[in-house]
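**Student:** Sequence:
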Amino acid sequence: MMGLLAGANLASQTLSLTQGSNLELSKIFPTVPHIKRFNLTTDKARSVLENAENLLGILAIPRVLALHEDLIIGMLRLLGKSNTSLKNIGMADMHELFQTTINCNFTEDSLRLFHLVRLSRNTHIHQAGRASSKLEDWITGTPQSAHAAWEKIAGIAFTRYRKDEYVTLGVPELIGILALTKRLAEEANIHLQATIKREKWAELVVSDWQLDRRPGNIKQQFRQVTGLARREYGPISLTSDELETAMSKAGFAAQ
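Quick note: the sequence shown uses our numbering, first residue 21, plus one each step.
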């Protein structure tokens, strides 16, 4: 995402060398793939590229939210929730279901800000970027501690939009939601570690290993499993005996 933003700025800087030219880009850079689809004069092209920050936020933030949704829903499945029970669960209520399922709590300000960005994203999906009354009410109801946390993360205050005002989703908002989803994912992971039995974690390690296992005898395969457990499941500190038992359950002979 940041590469795309930097690339747009680099392209704009490059085009500054041709400032004032009346030639279209396909005449200046004929070998660039797809250039005819962006066949503007230099000045018009630079204007588009310099606005890439806003376009990037509008496109990227829904992607970040979707990835986080997939993660949390996946965790709920690990906690025993069926696909049927999760059919109508999404970003609006998945964290709350996680909390009630294992009797835990996410940091209140982080969860509040997550929904703030989610509602902002919704304005671009459903209302052409215009603030809804729900977003306005959510901003008003967000405590000052959460607003202060947002400003610390994103570097700017969250705009207090009124209904029908245009909602901006730029780099500060992208940085903010990346940080928030990371925090919430880390908290969910900690709660999950304390809830799922160690036997289940060992079975998950073996299941992950089978997706990309390499050839080798049983001793070599066991080393692969222990290496994966150390790298990806380190905080759980699974023992060799636990991993060996999980491998045996999966049909792999003991080392």
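None of these hints come from the bench; they were simulated from the model.
On a predicted model such as this, the values are computed, not experimentally measured, just so you know.
Here a beta-carbon is modelled for each residue, glycine too, at the ideal position from N, C-alpha and C.
Keep in mind that a hint or two might mislead.
[To be verified] Dumping the calculated BS3-like pairs for lysine-lysine here, alpha-carbon to alpha-carbon at most 27 Å:
| no. | residue 1 | residue 2 |
| --- | --- | --- |
| 1 | 101 | 172 |
| 2 | 154 | 172 |
| 3 | 64 | 47 |
| 4 | 107 | 47 |
| 5 | 183 | 220 |
| 6 | 101 | 217 |
| 7 | 239 | 101 |
| 8 | 217 | 107 |
| 9 | 172 | 183 |
| 10 | 239 | 220 |
| 11 | 220 | 202 |
| 12 | 220 | 101 |
| 13 | 217 | 183 |
| 14 | 202 | 239 |
| 15 | 107 | 220 |
| 16 | 217 | 202 |
| 17 | 269 | 217 |
| 18 | 220 | 154 |
| 19 | 183 | 107 |
| 20 | 172 | 220 |
[Said to hold, decoys possible] Each pair of labels, with its calculated beta carbon distance range:
| no. | residue 1 | residue 2 | range |
| --- | --- | --- | --- |
| 21 | 104 | 179 | 14 to 22 Å |
| 22 | 121 | 227 | 19 to 27 Å |
| 23 | 243 | 103 | 58 to 66 Å |
| 24 | 103 | 50 | 22 to 30 Å |
| 25 | 247 | 67 | 45 to 53 Å |
| 26 | 213 | 154 | 51 to 59 Å |
| 27 | 27 | 179 | 44 to 52 Å |
**Student:** So, against the hints stated earlier in the document, which numbers end up violated here?
**Tutor:** 1, 4, 5, 7, 13, 14, 18, 19, 20, 21, 23, 24, 26, 27
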